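Letter by letter, the chains look like this.
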Amino acid sequence: MRTLTELAPEASQQAPSPRAETGSGAAGQSRIHESAVKHVTGRAAYIDDIPCPADTLHVALGLSPVAHGRLTRLDLEQVKAAPGVVDVITIVDVPGHTDIGPVFPGDPLFVDDEISYVGQVIFAVAAESYQAARKAVRLAEVEIDEQPASLDPVAAAERGEFVRPTHHHQSGDWEQALRDATYVLEGEQFVGGQEHFYLEGQACLVTPSEDEGVVIHTSNQHPSETQKLVAEVLDIPFHAVTAEMRRMGGGFGGKETQASPWACIAALIARRTHRAAKLRLPRAEDMRATGKRHPFHNRYRLGIDDQGVLVGGEITVIGDCGYSPDLSDAVVDRAMFHSDNAYSLGQARVTGHRAKTHTASNTAFRGFGGPQGVMIIEQVMDDIARHIGEDPLTVRKRNLYRPGRDVTHYGQRVEQLQLLHDLIGELEQSSDYWARRQAISDFNRESPIIKKGLALTPVKFGISFTVQHLNQAGALLHVYTDGSVQINHGGTEMGQGLHTKVCQVVARELGLDIERVRITATRTDKVPNTSPTAASSGADLNGQAAKDAASKLRERLFDFAAEHYRLDRDGMRLEGGALVAGQGEAERRLPWAELVQAAYLGRVSLSEKGFYATPLIHYDRNTGKGRPFYYYAHGAAVSEVEVDTLSGEYQVTRVDILHDVGDSLNPAIDIGQVEGAFIQGMGWMTSEELKWNDAGRLVSDGPATYKIPAFGDLPPVMNVKLLEGHPNSQASIYRSKAVGEPPFMLGISVWSALRDALASLADYRVAPQLDTPATPERVLMVAQALRDAQGAA
Amino acid sequence: MIDFYLNGQRQSGVEVPPDTSVLELLRTRLAKTGTKEGCASGDCGACTVTIGEPNADGELEYRTANACITPAHQLQGCHLVTVEGLARGDALHPAQAAMVECHASQCGFCTPGIVMSLFTLHETQRRTPAPLTQARLEQALGGNLCRCTGYRPIRDAALTMGDYPDTHPSWADDPGLAVDVGKQRQESPAELASQGHFSAPRDLAALRRLKAERPQARLVAGATDLWLETTQQLKALDDLVDVRRVAELNEIEATDDGWWIGAAVPLSRLEPLLEEAYPAFAHLLHRFASQQIRNRATLGGNIANASPIGDSPPVLLALEARLLLDGPDGERELPLGDFFLDYKKTALADNEFIRSIFLPRPTAEQNLKVWKLSKRREDDISAVLAAFAWRLEEGVMRDVRLAFGGMAAIPRRVPRTEAALEGQAPSLEAFAAAKAALDQELSPMSDVRGSAEYRKLAAANLLERLRLMIDTTHNDTKVTLDAYAH
Ligand SMILES: Cc1cc2nc3c(=O)[nH]c(=O)nc-3n(C[C@H](O)[C@H](O)[C@H](O)COP(=O)(O)OP(=O)(O)OC[C@H]3O[C@@H](n4cnc5c(N)ncnc54)[C@H](O)[C@@H]3O)c2cc1C
Ligand code: FES
Ligand code: FES
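Residue numbers (the UniProt record's numbering), protein chains in the order written: chain V, 1 to 793; chain B, 1 to 486.
Bear in mind the hints are in silico, worked out from the structure with no lab data behind them.
A quick note: this is a predicted structure, and the numbers were derived from the prediction, not measured.
All residues carry an ideal CB built from backbone N, CA and C; glycine is no exception.
Just to be clear, a hint being listed does not mean it is correct.
Taking CB as the label site, the calculated pair distances span [what the hints assert, rightly or not]:
| hint | chain 1 | residue 1 | chain 2 | residue 2 | range |
| --- | --- | --- | --- | --- | --- |
| 1 | B | A135 | V | G791 | 34 to 40 Å |
| 2 | V | R159 | B | A349 | 56 to 62 Å |
| 3 | V | R445 | B | D57 | 53 to 59 Å |
| 4 | V | E146 | B | A349 | 40 to 46 Å |
| 5 | V | G160 | B | D238 | 51 to 57 Å |
| 6 | V | D305 | B | A130 | 57 to 63 Å |
| 7 | B | N305 | V | R159 | 43 to 49 Å |
For reference, chain V alone in the conformation it holds in the complex (with noise of 0.2 Å):
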């Protein structure tokens, strides 16, 4: 019954969305999100609303005006002297480690001597209120020997600049593949980068504690990471450091590593004045401070036979890494595990370049450098399809992995072999593409102005972290005598869904409602020496690792009932809130908080601890070669575009997508990563563009200027499904597959439809390249060169 609203005709065809359900909300139900009705309600606490101390200062930053350069001359006497300033620091101030470089040496806290990009940290004011702190910034006398920046990280590569060595994969004799292809492509791209735009800025609150240590509240993907950093820059043990983390505003990558520094100055104020310090940055400083995802400028020259099949040839990578290392090293290695998305290259050489240059230093974004990897090869898909003159559709089919070409140029075997032709057989036909595919072919012969794209683009994402320690993950389990559940593991909450898969999966466990567990924050005093929540891999290693812990306690209760009731051991389970033991007749019951107590008094531990490190993972970086993925994750999305030709302007107005998670642990969760993963590809691909001046700044430095897509840029029709029947081959938690990253990519298939779309100007003979992000301006700019071509030809 609706009373106030009627569903609008358009927004009526969609499919079903999932409702949350009642029930018992253990792993594979659509439960709610664990702070749901907190968030509502605004109850939801993060950084900024955290009451802080009466005395707490409020710490702004002074940050470098220019790209490159020495700092030759600071004077802070006039910032010192303002309006309710209490200390003011720099690198001079740093007891400890003054780099914070997460895996290599390369990111000083402050600037010390040199400059290396415009937003780099000079200093910090610490004042008695967020105002007066941001205000007294203002009054430092900064005096900086300019220098050219290097921005340009083509030019910086063919110079040799890198922050870290250029890296290999290759895989059979590249060079014979090309001369015993019948046709040899070649073409290139720039894929833009894109800002997190996570809607909580960085922030953190630190107190002094006793035992001349801290306690951070940060909002942070790793407060291990900020635990250690934070140590050594105090230069304190990491035992007097405490971290803690119960929700972001979102992090998407840019709280992984770069949530760091704010919490080292805020603890270096802390420690000074024996205050509490609260930073946050305001938008337009966060966005020139931080990193982003990485631009990249790739290349390819592939050969072909005269289906339109890869044999071979070599692809280049260039990521823009920014001023440092950073997790360049990782990220960039990503973009080359995936230059062959779904697709056997053959006998080809994939060259990774990191090329340094005097921007913030870019770092971890969903996909990780994956979605700048498959847009390379992507961009081949569409570009054979025009020279051989076939469907792109059938040409990224006739490319798949298949038996016979299945194993990767990393030497990876691709397992799940029949999945991904499976899964997108039933998206062509459920998205009716071919009949689409001929409508939108006689639409355009009619329609000069206005031209129809359509694109189907699969994703093959590799799952786990490249780097191979990071695959491990602990839990902590603790039941109270009321029968009461608490977890806490490693992995962080930034609206993901994590804290409430792993409550189903304790919940799933102990036979319990999951009313009765419950998830704390985040604590590095409670799990130590974790794993970034990152690469997807947040469910698959703390649910796991949650997993462990419930069943060893599960298992200790067994042994406990089965003395102290002299229950049969065997056949003992937890369901539906109880301990049963026995079939049939012979059945008993035990209400779990009953067991829970019986236990206590018993002296049987209630609490326990799980850790998991994922097996089979292995990669040789000296052959560039190994297993570096546990499994893949695979989707395929069918998007359709409508462009105006004379204006560029577009509109999405069609999305299909069907997505393997393995067996869902929460369809209505998964199904939202999926949707809120291809609504920020789509903005990668289309309205989100970084633009920097001439001198390094960032000018695209707020939401005004940067545009991430808005409630009208969800495409009027999205039809999102699970794929069905194929749980995950290896054994992660439940068979389920992760969800973060891998439709990310999906995203993609908005760009091919808009260059498919282009294409018709051309008759669909030429593959025009469209650069990202494909703003109005891009696609205009194309339509006018495809045009101005056809006119004089």
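Fit chain B with the ligands to the known structure of chain V by using the hints.
Same frame as chain V, but now just chain B with the ligands:
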């Protein structure tokens, strides 16, 4: 000293500096942290609150606003509703319940703002139910960015919240609230700040007096431009005169030839008039900023701000609008075309203000097209804005008025381009001449929103679009996308 109501509770004598925003007031002074800061520039909607103001009938009319760029002193005599004020005990408001059940929050940081936009839509639906079309949903939610969900579940929540039992917040049961707020408003002092000035004159005479006494004082209307000077550039705004309560500046007066629109009339109040008179202008308004901004932004502010990329000036130029300027030295009328002198320089004297804007009535055969090009369809600033007015008389174009934004240091008409079309049939040749003239007449800049080449090409192509639209042989050819058509 601000007196207002917060979620039904009276707040009296709140003292803050004149440049305090509603968001700052809430989050620091009042310790209400449910309302979030995502940008402090009006762009993200995380800070969305709902402000109830008494209307002519004494009822509270609820509209959304961006708390981050709303001056706290403008709360005087208002009912401020925040996310903390919607649930009734444990019973969620339909907007909240639908968000929960549709899985429409992930990280949750945008959620309070989205809930407030939905709540306000729900209120509107309660008063005047109407189908929730895609266009209406875009109006209601276009100013709320969500980085996590991709919006589909939020759309579902919007479409289904009407199915839930209509749980009111308890303050909604209090019939005396509107009266109390109205009384507060009636009793408002003319000066609200205790340090510096936040003067809130209620009539023209008082405004003139203040302008005479304190010509240096900054005028504030919706504050959607002005407040960025404090949140983004950290400038102190401590001497302010609010024009929003000046009765004469809030009127829309119809005459035989047009309408005098008070400079302080918020854009959302203009919508019905424009829908009637100039649908193309109304359509532009739907792409002007966001609902939150339009509820506060004024035509006077848009013009006085004199940005080369302001959206209303090119349209008003093409329609030959006039301004009524006023001040201690008296009033004067000025064609809008004479107002913009150079980049951000206008003909407004220091002690003057814009009183109203005269919008002529459309003539019978007049056509108007307004095209805005931007990276994102909703809530984005124009790279190019073109406004074309003309009529066809026996196959030739007459009264051709073409104006552009984003193509020069000021919004401006293009007389030579107009001349190339005036009196001509809409032929290929005439338009070729027009494009050549346009190329000569405009030399746009390259900036973050687009390169000069793109702007030039796009502007010329919009002329081509115009030709195709007029040229009857192309009548069945689609030349705009549905979402951009009007
Ligand atoms: C998120 C966001 C999106 C926006 N999108 C758009 C957009 O799409 N298109 C667009 O054109 N603009 C846009 N703007 C800019 C702004 O909203 C408009 O310019 C608006 O019309 C300004 O009106 P206001 O009442 O808020 O002006 P205020 O900010 O109150 O004032 C602006 C200036 O005008 C002066 N002023 C105000 N009233 C008068 C008067 N009566 N007489 C003389 N001077 C006066 C003020 O002193 C000030 O200098 C956007 C702003 C934001 C924050
Ligand atoms: S905080 Fe972003 S609009 Fe106010
Ligand atoms: S839920 Fe994270 S921004 Fe909307």
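Against the structure, the hints come out as follows:
no. : hint                        : in the structure
1   : A135/B / G791/V: 34 to 40 Å : holds (38 Å)
2   : R159/V / A349/B: 56 to 62 Å : holds (57 Å)
3   : R445/V / D57/B: 53 to 59 Å  : holds (58 Å)
4   : E146/V / A349/B: 40 to 46 Å : holds (42 Å)
5   : G160/V / D238/B: 51 to 57 Å : holds (55 Å)
6   : D305/V / A130/B: 57 to 63 Å : holds (60 Å)
7   : N305/B / R159/V: 43 to 49 Å : holds (46 Å)
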